[in-house]
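Peer 1: Sequence:
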Amino acid sequence: MYHIKKDEEHHVAREIPFFKPDIGNAEREQIEQVLDLEGETKIEDLENAFVKKTGATYAVSTNSGTSALHLAMCAMDLKRGDKIICSVNSFPSVPEVVRHFDAEPIFVDIDSEDFNIDLDAFEKILEENKSKKLKGAIINHVGGQPTDLARLYEIAEKYGIRIVEDASDALGGSYEGKPIGATGADITCFSFSPHMKHSIANAGMLLCEDDSLYERSILLRNHAIKSDGWDKYGNLEYMYDVVDIGCKYDISILDAAYALAQYSRVDKMIARRQQIAKMYDEQLAGIKHVTLPVKKRDHIYQLYIVRIDRNRDGFARALKEKGVHTGLHYIPLHLMSYYKQKYNLRVNDFQQALQTYQQVLSLPIYHNMSDSDVEYVCNMVKEVAAEHI
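Position 165, counted from 1, in the sequence shown is what this note's numbering calls 472; the numbers after and before it change by one each time, with no gaps.
Bear in mind the hints are in silico, worked out from the structure with no lab data behind them.
A portion of the hints provided could be inaccurate.
[As the list claims (entries may be wrong)] Using 25 Å as the maximum straight-line C-alpha spacing, the simulated DSS-like pairs for lysine-lysine come out as follows:
id, residue 1, residue 2
1, LYS437, LYS386
2, LYS585, LYS595
3, LYS437, LYS647
Whenever a hint applies, use it, and build me the whole structure from the sequences.
Peer 2: Dropping the structure here:
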């Protein structure tokens, strides 16, 4: 077992961040090509890599995952008063992109095992819906484990609504062996840095099959400008026109280069996270007050979410004092001041999400964690479970 040594300022000798970027030769080489003005095709290369790996027909790169979600709403021509269903256990970007159109998010409770949307509650809302304003749903895959997509699309087809998959946690993931992004969504959106405020580089991706959604996404992601073209340095040609209200959501070549290198290693990164998850499963099994993740489907462990059945906040603080940083995924949206006040929501409106929120804690899990790092985290979890609860 590891023993913590503290210096005179009472700082722990070892720090395990919640996430740490993995930067290798592939990233450096791609970026150097751009800086040498050799990288004008990086954006196209990144989009082509997604098409090749997922089997999707179209890929549209964006400067972030949130931009991809907002662009999806633009492409669907969301309007004021329209309604979009989403899980109450989503990152704020999901209802945020809906509200930017003065449209309305409809929150749904969650499955208590995998933390994804409760499909029984989802179908009930559709059964009871009498409004033609309900246009679709944004469905997220919490922690890298997809929702039950077979049932989801059966429901969507029955009620004739569009589905946007928020695959921010599912980059490189799969459902029943089929890549996320080719599982039936009208649009699938990805993020390269779903849980970071200050990332090394930002990138998002929108995948779709429909020609009109693709063409509208391409148009709107750069101010809805139409022209004869741009030169390789990004200069607009002499004459141009603006044909709609667009956005500035196109990705920079530097960001695309970094994302391309990361995407080329995504399978290796997933395999390492799955290996770490297995180590957690084995070493933390049976620990008092700690319940491990329930694996119901393909899981890439973008997050490793445990339940703490007593004093979760105290547990997290104690781990931090020992140098182990944790995350909380997620604070339910109905507890956020804006949505609580806007829609007059009550704390107990979503019981499963509320109970889950009071217990969940995400442990560090990322590709460049060493076995020693993982063992240290396990030992600290065991110590805190024994001493602080």
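Peer 1: So, for every hint listed, does it hold in this structure?
Peer 2: Evaluated hints:
A distance of roughly 18 Å separates the Cα atoms of LYS437 and LYS386; the hinted pair therefore holds under the 25 Å criterion. With a C-alpha separation of about 19 Å, the suggested pairing of LYS585 with LYS595 holds against the 25 Å cut-off. A distance of roughly 24 Å separates the Cα atoms of LYS437 and LYS647; the hinted pair therefore holds under the 25 Å criterion.
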